[in-house]
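There are 4 protein chains.
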Amino acid sequence: MPDDRKLMIAVVGAGKCSKKLRDMAAVVGKYVAEQGGILVCGGMGGIMEGAARGAKEAGGITIGILPTGDKADANEYIDYAIPTGFGEARNIMVVRTADAVVAFPGKYGTLSEMAFALHAGKPLIAVNAWRLGDEIVQVDDPLEAAKRAMELAAKGK
Amino acid sequence: MPDDRKLMIAVVGAGKCSKKLRDMAAVVGKYVAEQGGILVCGGMGGIMEGAARGAKEAGGITIGILPTGDKADANEYIDYAIPTGFGEARNIMVVRTADAVVAFPGKYGTLSEMAFALHAGKPLIAVNAWRLGDEIVQVDDPLEAAKRAMELAAKGK
Amino acid sequence: MPDDRKLMIAVVGAGKCSKKLRDMAAVVGKYVAEQGGILVCGGMGGIMEGAARGAKEAGGITIGILPTGDKADANEYIDYAIPTGFGEARNIMVVRTADAVVAFPGKYGTLSEMAFALHAGKPLIAVNAWRLGDEIVQVDDPLEAAKRAMELAAKGK
Amino acid sequence: MPDDRKLMIAVVGAGKCSKKLRDMAAVVGKYVAEQGGILVCGGMGGIMEGAARGAKEAGGITIGILPTGDKADANEYIDYAIPTGFGEARNIMVVRTADAVVAFPGKYGTLSEMAFALHAGKPLIAVNAWRLGDEIVQVDDPLEAAKRAMELAAKGK
Chain A
0 MPDDRKLMIA
10 VVGAGKCSKK
20 LRDMAAVVGK
30 YVAEQGGILV
40 CGGMGGIMEG
50 AARGAKEAGG
60 ITIGILPTGD
70 KADANEYIDY
80 AIPTGFGEAR
90 NIMVVRTADA
100 VVAFPGKYGT
110 LSEMAFALHA
120 GKPLIAVNAW
130 RLGDEIVQVD
140 DPLEAAKRAM
150 ELAAKGK
Chain B
0 MPDDRKLMIA
10 VVGAGKCSKK
20 LRDMAAVVGK
30 YVAEQGGILV
40 CGGMGGIMEG
50 AARGAKEAGG
60 ITIGILPTGD
70 KADANEYIDY
80 AIPTGFGEAR
90 NIMVVRTADA
100 VVAFPGKYGT
110 LSEMAFALHA
120 GKPLIAVNAW
130 RLGDEIVQVD
140 DPLEAAKRAM
150 ELAAKGK
Chain C
0 MPDDRKLMIA
10 VVGAGKCSKK
20 LRDMAAVVGK
30 YVAEQGGILV
40 CGGMGGIMEG
50 AARGAKEAGG
60 ITIGILPTGD
70 KADANEYIDY
80 AIPTGFGEAR
90 NIMVVRTADA
100 VVAFPGKYGT
110 LSEMAFALHA
120 GKPLIAVNAW
130 RLGDEIVQVD
140 DPLEAAKRAM
150 ELAAKGK
Chain D
0 MPDDRKLMIA
10 VVGAGKCSKK
20 LRDMAAVVGK
30 YVAEQGGILV
40 CGGMGGIMEG
50 AARGAKEAGG
60 ITIGILPTGD
70 KADANEYIDY
80 AIPTGFGEAR
90 NIMVVRTADA
100 VVAFPGKYGT
110 LSEMAFALHA
120 GKPLIAVNAW
130 RLGDEIVQVD
140 DPLEAAKRAM
150 ELAAKGK
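One line per chain: the protein sequences are A, B, C and D, in this order. First residue of the first sequence? That's 0 in numbering that gives the first Met the number 0, and the numbers climb one at a time after it. First residue of the second sequence? That's 0 in numbering that gives the first Met the number 0, and the numbers climb one at a time after it. First residue of the third sequence? That's 0 in numbering that gives the first Met the number 0, and the numbers climb one at a time after it. First residue of the fourth sequence? That's 0 in numbering that gives the first Met the number 0, and the numbers climb one at a time after it.
Okay, chain A solo, but in the shape it has when bound (with noise of 0.2 Å):
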């Protein structure tokens, strides 16, 4: 990897979610991008799209790991799409891709993402999302979970 490569954060959410929680991811990815981070996420709909979304209005980079082995399923804020055609199990790759995760609510497949950044030891950072013990930061405020992401990237980087 290059010597300045630059932070990456993963936001990780419900595929199909109220437009509010949408606007909370975009503020996430609004944030990333502006401090130049690069946007992870699994490249679907719902959060994945409104973390996405932020980014791009940003003038971010965007990267959306996909559960299928068709790019044309990414959301329209992609901008590199990796089609795995692995399913759920592309979870994993979206977590050891971040420098640190956003978790937003979500049900099983965000768990299974929670899980596997623990495991990873990567800075997990939860809004309202699953409370699964003190390794994880928890906040309410996505501008908030977005500063501590981008911190605790940088210190692990």
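There could be a bad hint or two in this list.
Copies of the same chain look alike in the list, so a pair counts if it fits in one copy or across any two.
[Claimed, not checked] With a straight-line Cα cutoff of 16 Å, these simulated EDC-like cross-link-like pairs (lysine to aspartate or glutamate) come out:
#: 1; residue 1: K106; residue 2: D69
#: 2; residue 1: K106; residue 2: D133
#: 3; residue 1: K121; residue 2: D69
#: 4; residue 1: K5; residue 2: E75
#: 5; residue 1: K106; residue 2: E134
#: 6; residue 1: K18; residue 2: D133
#: 7; residue 1: K146; residue 2: D72
#: 8; residue 1: K121; residue 2: D133
#: 9; residue 1: K5; residue 2: D133
#: 10; residue 1: K121; residue 2: E150
#: 11; residue 1: K121; residue 2: E134
FYI, nobody ran anything at the bench for these hints, they're computed from the structure.
Fit chains B, C and D to the supplied structure of chain A, relying on the hints for placement.
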């Protein structure tokens, strides 16, 4: 699949654990084998080894889906080793192969397997494992866990 | 693994093929089962189904490592279905599980399995399949292929 | 995906090779970058490193889809590393991510990538690589390979 295929029960949990926990896992393996079920696990040590040992002591059959690409890494009680080389992503396959999943205490790898079991809609019985919600059957006794697993597996087959 | 574990022979080839080719694959499955080996395949139709049928007709045991995540997709001769959900990537696992691989004619999926067998250093016997180099044992007769596969598997175990 | 997404060209080949071959791979990377394409590869050494270097020297963007789970394993010319932890199975993702694939000489790992490219119906240009059939565009000159790859990628997009 043949119409009379055998029920497959996965046992998941820590790769390193106390003798007491290994023996509890062996109780599940033994019951599954006695009832004609197949014991599926991740093929490594700890809970996985205990469960496989219990199944073999009762004359049963065991399948180990390994994280590594080398079948020599399987514990000595595994009849059929599937060396995936896919690391933790093999957890997903353990769960998909099973008709029901019994979870023992474990860290975040186990949590991810429980998350995938719930995601895949598989019956999940937890023996003092992560408490994640009402869809999980919580028990203290491994024999009770094994009985519930075989019952729920038969129902869902 | 137990010291006396059984040899595992993978049969790979087209998912759709003529009755003649299915019957040739069945000859391999039958011989493997008669000699106490386990038949491993991708669990679907064509060559895979022929090989599994041959093994079952001789009272043997069959393992099918499926591309889909649903074990109901396995052919009717599969005893133990491993529903991976990893699509074509499951070919790698078929090869890794085997002690030797017998390849029948097939298109590029089969070619990838042959490539992975060579990459993994597994003995590879081709029955009128892709001619890729001197490391492959080329034969015309399926019984000859089965014999060579069991011999080479025993040597490499 | 955005309507104006950039073309992605994968370069595959040996992880260790002569300087001459690395320089040939760099010619492909350079042309792809000059034409506004994205260079995709397996992120490691040899051909992959040569191709990524060429792209970076022309101010382009590079994506490396790694076999390991650690992004520190990427070569120094990779902008965006995807550490899969899936070993050789990541070859499938390299191919799926690409709009066209350029293959240089390599052993069986490269053969498997070519097989997957053909299986996935991706345009495949071989520079003195495995000769597998008429669907492959065979060339001797890397610049010619790069031009054909960009053309065929644009057609298939």
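To see whether the hints hold, each was checked on the structure:
Taking the shortest Cα distances, K106 and D69 never come within 16 Å of each other, neither inside one copy (24 Å) nor across copies (21 Å). Taking identical chains as interchangeable, the C-alpha atoms of K106 and D133 lie at most 16 Å apart only when they sit on different chains, with a minimum of 13 Å there against 20 Å within one chain. With identical chains, the CA atoms of K121 and D69 are at most 16 Å apart between copies only, with a shortest distance of 12 Å across copies and 28 Å within one. When the C-alpha separation of K5 and E75 is checked against a cutoff of 16 Å, the pair qualifies only between copies, where the shortest distance is 13 Å, while the shortest distance within a copy is 22 Å.
Taking the shortest Cα distances, K106 and E134 sit within 16 Å of each other only across copies (12 Å), while inside one copy they are farther apart (20 Å). Neither within a single protomer nor between protomers do K18 and D133 lie at most 16 Å apart by alpha-carbon distance, with minima of 29 Å and 28 Å respectively. In this assembly of identical chains, the alpha carbons of K146 and D72 never lie at most 16 Å apart, being 30 Å within a copy and 27 Å across copies at closest. With identical chains, the CA atoms of K121 and D133 are at most 16 Å apart within one copy only, with a shortest distance of 14 Å there and 28 Å across copies.
Neither within a single protomer nor between protomers do K5 and D133 lie at most 16 Å apart by alpha-carbon distance, with minima of 28 Å and 41 Å respectively. Taking the closest pair of Cα atoms, K121 and E150 come within 16 Å of each other only inside a single copy of the chain (13 Å); across copies the shortest separation is 38 Å, beyond that limit. When the C-alpha separation of K121 and E134 is checked against a cutoff of 16 Å, the pair qualifies only within one copy, where the shortest distance is 10 Å, while the shortest distance between copies is 28 Å.
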